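Build the complex: two chains, separate frames, hints provided.
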Amino acid sequence: MDATKTRPLQFQRFDRLNRTLHILMIVSFMSLALTGMTLKFSYTGWAGVLSRMLGGFESAGFIHRGAATVMFGIFVTHLWDLNRKRRRDYEGSFWKMLTGPNTMLFTRRDLRELVGSLKWFVGTGPRPRYGRWTYWEKFDYFAVFWGIFVIGSTGLMLWFPVFFTRFLPGWFINVATIIHSDEALLATGFIFTVHFFNTHLRPEKFPMDLVVFTGRMPLAEFKRDKPAEFDELVASGKLEQNLIWPYQQVVIRTYRIIAWTALAVGTLMILWIIYAMVFAYR
Amino acid sequence: MPADPSVQRHLGAAVLGLVGALALVAVLPATVAEAQESEECLACHGDPDLTTERDGRSVSLYISERRFGASVHAEMTCVGCHMDVAGMEGFHETPLEKVDCGACHDEIQAQHQASLHGQALKRGDPLAPRCVDCHGIHDIRPVADHDSPVSPLRVPFTCGRCHQEGSPVTQQREIHQDHILENFSESIHGEGLLRKGLIVAPNCASCHTAHNILPHTDDNSSIARSNIARTCTQCHAEIESVHQKVIRGELWEKEEHVLPACADCHPPHKIRKVFYDQGMADAECLECHGKTDLVAGDGRPLYVPQEVLRQSDHAQVACSQCHSGVNVSRKRPCETITQKVDCDSCHAEVGQQFEASIHGQLLARNDPNAPTCKECHGRHDVLGRLNPTSPIFATRIPTLCARCHREGEQAAARYEGPEHDIVKSYTESIHGKGLIKSGLVVTATCTNCHTPHGALPHDDPASSVNRANVPQTCGNCHHGIQEVFERSIHHTMVGQTEKDLPVCNDCHSAHTIQRADVDGFKLDIMQKCGRCHGEIASSYFDTYHGKVSQLGYTKTAKCYDCHGAHDILPVADPRSHLSRENVVQTCQRCHPGATRRFAGYLSHATHHDPDKYPWLFWTFWAMTGLLVGTFVVSGAHTLLWLPRALQMRRELREAEAAEQREIEEGAEALDAGKMDPGEGPPGTEPGPEGGE
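Chains as they are written, first to last, in the numbering used here: chain A, 1 to 282; chain B, 283 to 974.
Honestly, I wouldn't trust all of these hints.
What the hints assert, rightly or not - The following residues of chain A were derived to be distant from chain B, with all beta-carbon distances above 10 Å:
no., residue
1, LYS40
2, ILE74
3, VAL194
4, ARG202
As the list claims (entries may be wrong) - Calculated cross-link-like contacts (lysine to any residue; reagent style SDA-like; alpha-carbon spacing at most 25 Å):
no., chain 1, residue 1, chain 2, residue 2
5, B, LYS840, A, PHE163
6, B, LYS840, A, ALA176
7, B, LYS719, B, THR774
8, A, LYS119, B, ASP580
9, A, LYS223, A, TYR247
10, B, LYS837, A, GLY48
11, B, LYS837, A, TRP133
12, B, LYS837, B, ARG813
13, B, LYS894, A, GLY237
14, B, LYS804, A, MET53
15, B, LYS613, B, ASP580
16, B, LYS810, A, ALA176
17, A, LYS85, A, THR20
18, B, LYS810, A, GLY48
19, B, LYS804, A, PHE62
20, B, LYS837, A, ALA176
21, A, LYS96, A, LYS119
22, A, LYS119, B, ALA927
23, A, LYS138, B, LYS719
24, B, LYS804, A, SER59
No lab work stands behind these hints, which were simulated from the structure alone. What you are looking at is a predicted structure, and each value in this text was computed from that prediction instead of being measured. Glycine included, C-beta positions come from ideal geometry on N, C-alpha and C.
In isolation and in its complexed conformation, chain B is listed as follows (with noise of 0.2 Å):
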């Protein structure tokens, strides 16, 4: 094997070790070497910079020696379990073999050997668990140590670094269960464990036991069918007495060969504090329930009707399991009932979300206007979201949230922010023509963003539409988009600016959203870049591009066309749509045939500006100034000519009257038949002037 190299240097100095141990070992009797002193190993593998090479890793061979000290092993010497360094002094040749646990641990070895663990390991499976893995090497703590990775309270955790979900062995290994460490730590066992820190309360060992870990189809299994009842009254003692009561008998009366174990009630992993009041059975609320006319002391009906219930996801469920509380030796059993339904004692974890969401927050401060589960799940009826019946389906959950968020309503007139007729708004936005027009159930319906349970106000952090979050939330569903974005310099991550850099909602909207290639959204957009840059915007206004764009028309260059929309970089970075290397092509997408010298046209220009664009600026005033002077000029001889012209006019009509007054006085004289018709008055006729 290829050395390290600071091993190979004392390549020489490690053979004249060893030939002189060898030596040694020859001349002196055997206790010696066992009285090696660990001293002697620590005094290079103390150093913590001590290294070799292995797979092409660099790994460390230091010894902590405090640690060692502290560990279980502490008065034992290296050689007690590295027995293949026996009588080798200084230099050893690495690596050693490996450490045999067994030496001592014969019978726990050989339970492991035969466990699933040590099957695996037999089969050369690279993911299978060997003593270090779960017991550490040289700082191995006892049991009772809190810092052992064996200890009571952390023995999940060490499991679970293999069994946790989306692990290799969850992925590429046969395991029934899933999800069990969460679902161990939201079961009561993992409660008392791990929140309450009971070390008494029962961990993964406790049932798997710690090295005989079988499969549950194996007869010698722990929590194989036969053996789970011995192993749950390890700790539940009396319980299958109390089982008896339970099921008074029923199961054994009717079925006899079908023995419930533990585990067909009380599921793996996930057993929760549930109430199973003894025997009290659905048919003995009905006698009562059952009738439709049954009513409260204050007039609400209390009839439960049962196909309802039984069409429902908890057709399944016991009166008794929600309705808690119930006493049956009592003549109305019910009497007894002193809570509301909790529904957090089978969906505990929905339950802390809600307790934290707005409508928790509001309930626990007793808002009348607060929603509880029923209000939006049901009460008998309650079904999944999967069921198009339900009132949660997708379809209807924008209807389901209108009854207090549509405007006017309770939650739309607390609410103080600038969302306006948020329901009449997302059923025009493009989500909601999705679910409604199309029928698209995997459209985003209220709580696909706001979530189902966990709803906050969008200024709270943890609010799920927290500016900080949007990305996420958005990218749920459009998570090609989330990766280009995030790779943006609008995006925090890339982004270094004081001011707030945009998200999803800021150029697309929240309930109005549109499509993005409809006119009305490529028109708004240069706007919405237009809030932060204002000054870009309005000189972009200023040019061929933006005109069009201003007159209404989208067929011209709009700022995403050139800067890129979710990927906009900043021009100077390389991949930018405008870098040296892209904006040739750029532009070339619009203007085919454009060139380098194309791409200068300065597509913000502004002519107001002398030190950026002094040949703009010198432009429009020399032509405004021809414009000013060529006005100024004409104008002044066109108001100088006026009272001329004027004149001229009444001078005009004054000579047209006379030659009036002339044809009429002509006429009348005609009329006394003095004057020769030939003569008319001057002017009239071409004759004289025109010199015929």
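Isolated chain A, as found in the complex (with noise of 0.2 Å):
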């Protein structure tokens, strides 16, 4: 605790609910997406070798819908988390919510900072002063809600075709397999691959960067990154209310290793991904 103390304060940028169901998402996506490659990329030999591994297709199966659960779970979490933030922060007004300076719709603003990075990337500008969110973490955050919506329907019409197929014919049946398993290529191919770079393994944050675990950052950090969100915290003078003392270094020795373990399950699944696409695909 004293040595804590000693070290600078930081900024929190992500609450402790949000943390958890950050850390069973990434347990429940890594096990969907890799009891359901086996499946999806059977013909690959590391396919047998990993369903073996996961107890045989019984067991994985048993596995992906109990990762499934989770994930609706925290689907439903997090919707049951911004009702509780509406009431609480936006004095009960969805509007106030949706509207406010902390939204996760994409606005005016984010046309104007996509704009500016293509600027800054072909180096006719500054860069941007992103605010709380940017546009490709809105992007990453909408396209969670996609993938639940995409996967999870046609995944519950997998699990109980038998049901489904009561009021729907059963062809649907091949085409939720098909809009089930490319959405899931995609998610899988976007998170480990995209999300993983932007949030995670760009240059100035490489190796890794930890913010989502410890949901702290240093203040320069912040700044750096932030820069409009820290004016106008600054501003209204509500940056001292979002420090918190940073974490022991045990902790976020322990933070690291669950990230890099997710990082290296991610990229050998991406290269399993390309070698089924590019090198085995039948």
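Structure below.
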């Protein structure tokens, strides 16, 4: 305790619930991807090995559906959390929440930032002064919403085909299979490349941005990363409320191990996908 | 009796005719009726379409004038036999009385009536033969006519109609001999008659008589023990004196009451052309061959162990029966032997099979590796296949065949086909395990599939393992499966295709055959189906079922779970497991509660066929478009970002290095005692920016 108190305070970006949900999301997403891919890429030798390691296709299916249930739970909890935040921080108004400065919805400002970013990329402008949520973070967020809706609904169809074919034609199951499988491929591919890069692997953060695990980031980094939000907080005098003591080294080290494990598993899966799609495709 | 419509139509006319005829008979003298010409009968019975109904069946009343004209009775008129028709004119009531042959052939009729057949007829036995059953009706030919059913060459077949194995007579009546016709045809008599066409060779009637057939227990029978010699000596005239020489009077001297009859040594119907060399007793052979040190000129041991011979199946066979050609008048009777032992002299049928087999063919070509009888059956120690110590006992067959057919041995070296390590594979197969591990002697061994004596390469149409014959061969044991398979689309009687239809071994393999309920087989079978049904199998592997089985798990629908195995039929066939009537039930076997809509699942769906599966095709391409689009946009974004991010990293590192330098400089200054420790470099503490 003393050791941490001697170090500088940090900015709290994510609360405990969101961090917990993210870790749960990692675990369930990885489980879903791993077990699902053994089926999708069953024609590769790796799939058989992996399936056996997971205890056979039935056990893999059990894990897959268990993880899916966890994912639905995360989704519902998040919705509940949003509702709670609405009551607590936005005087019970959805409108205020969705139009406020911290909205997850895309705004004109996001469009400006996108154009600004592109200009910055090609060297014709300065780096935009990003706020709390950048457009790519918002894209990631809604990708999950979309993914849960599309993959979840088709997954339920494949889980309970007898029930769904009471009112849907049998070939819907075939269509659901294609959508489920390809949308999952999109999700996995996107998370393990673009999301990894955007939020964890960017050279200035390399090799690891732990903010989503610890919820804390050094003030200097916060100021550099989200200058607009920083200025807003300074201006409104709320910055102080959002400062928090850093974690002890042992906690950070634990998170680092978790993060590295997830990163390694994700990267291996990407390699497997590339191998399966490019070299072993049938 | 109910009349045939055609007869009924003319009933009125017939009655009129009858009245007219009666009137004529009353007026005319009897001789007129006798003069009634056969032509008059043939006016109606010469019509090939003339029929009547008897016991609910249509019976032809047609009499061929030509055939009647060629018969022994050609000179007779119809009335000669059908006496009750005398005096009738025009139509007559059907039927006429049965013709009594005894009216002319009274002596023969008396014999027949006393015979076995006549007695049976009297008892009302429906199987008992009457005159017409052997001689025919209107077309009776003389015995000398080769077309007559009672001519010598055809008698065995005429008798055989009732006395061949499997006929109602052999099954339902007490006949003490079996396989009469077969044995006869293989006997020396049958060979003379049937193969060489010697009509003087005896036929059935020669020994049993034609009409006076009696059981051998009847003292009057031609084949009664007391009469046999007389019957045989009809042909074998001097045989009795020869016979006395054969047995050297020994039996008469020692056992006076025992007088062997011909049939004691020459079993009826099985008589073979065996030379029972004159009194060549085994003891004489054993005078020399009983000595353990007897060797041939080339060093081969010639000792014959008596105990072995006595325990063999040939214990009752004399040396000279096999080693034929001895001459008892020589001091060494065997010196006249010029031929090797010819097993065919007794085992003719087996010998013929062997000659036709690949083994026999090789032997005929003087192939040094060709096996002969003794290679498998041994020599003096020959034993039957049911004797557990015999080399041809079921459990020993694989070892026996392996002597030549094991990998590396002479037969395997000659073989060029795809079956290798057959002996090893067999021992690991379900048949081999059944035989060797479980000791089941009913399990298939080499000979069950390849036959013991008629083994032929699979490409020979006569081979038991030829494609065309495999279902039958396997069906010898798996008959239930064969019956089901014969009704499936894969059987040549059902499936109409120019391609080769599968037979048992295409799916089950030959020597490596496994249990059908083990995972390895269950998974392997899909590859087997795919060899012919390539496209449909590959699209199956695109579905959930296919993917699970591809992972190596069997608890999912595989080809045969839906299509059936041996009873596979096209989906269009109402009996198919996948027909409209059955498909829902088939799905329900794994998916309880499945409905007809559920059965609409495309279990062989592919998203590569826009015509057949437009929904799948367009869904797939829409999803692919979404994927590619997303990755292109986000990938481009990321790649554009990368140089800037690297630049940022460089600047950060430089800033950090600058800070570090400042700290170091500060520390040096501190050492010099010139600086306040409270003033750190900016950015390392929340202080100023934190807005505390």
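Structure-based check of each hint:
| no. | hint | result |
| --- | --- | --- |
| 1 | LYS40 | violated, 8 Å |
| 2 | ILE74 | holds, 22 Å |
| 3 | VAL194 | violated, 4 Å |
| 4 | ARG202 | violated, 5 Å |
| 5 | B:LYS840 / A:PHE163 | holds, 23 Å |
| 6 | B:LYS840 / A:ALA176 | holds, 21 Å |
| 7 | B:LYS719 / B:THR774 | violated, 36 Å |
| 8 | A:LYS119 / B:ASP580 | violated, 108 Å |
| 9 | A:LYS223 / A:TYR247 | holds, 20 Å |
| 10 | B:LYS837 / A:GLY48 | holds, 15 Å |
| 11 | B:LYS837 / A:TRP133 | violated, 48 Å |
| 12 | B:LYS837 / B:ARG813 | holds, 23 Å |
| 13 | B:LYS894 / A:GLY237 | violated, 66 Å |
| 14 | B:LYS804 / A:MET53 | holds, 22 Å |
| 15 | B:LYS613 / B:ASP580 | holds, 22 Å |
| 16 | B:LYS810 / A:ALA176 | violated, 30 Å |
| 17 | A:LYS85 / A:THR20 | holds, 17 Å |
| 18 | B:LYS810 / A:GLY48 | holds, 21 Å |
| 19 | B:LYS804 / A:PHE62 | holds, 24 Å |
| 20 | B:LYS837 / A:ALA176 | holds, 22 Å |
| 21 | A:LYS96 / A:LYS119 | violated, 32 Å |
| 22 | A:LYS119 / B:ALA927 | holds, 14 Å |
| 23 | A:LYS138 / B:LYS719 | violated, 69 Å |
| 24 | B:LYS804 / A:SER59 | holds, 21 Å |
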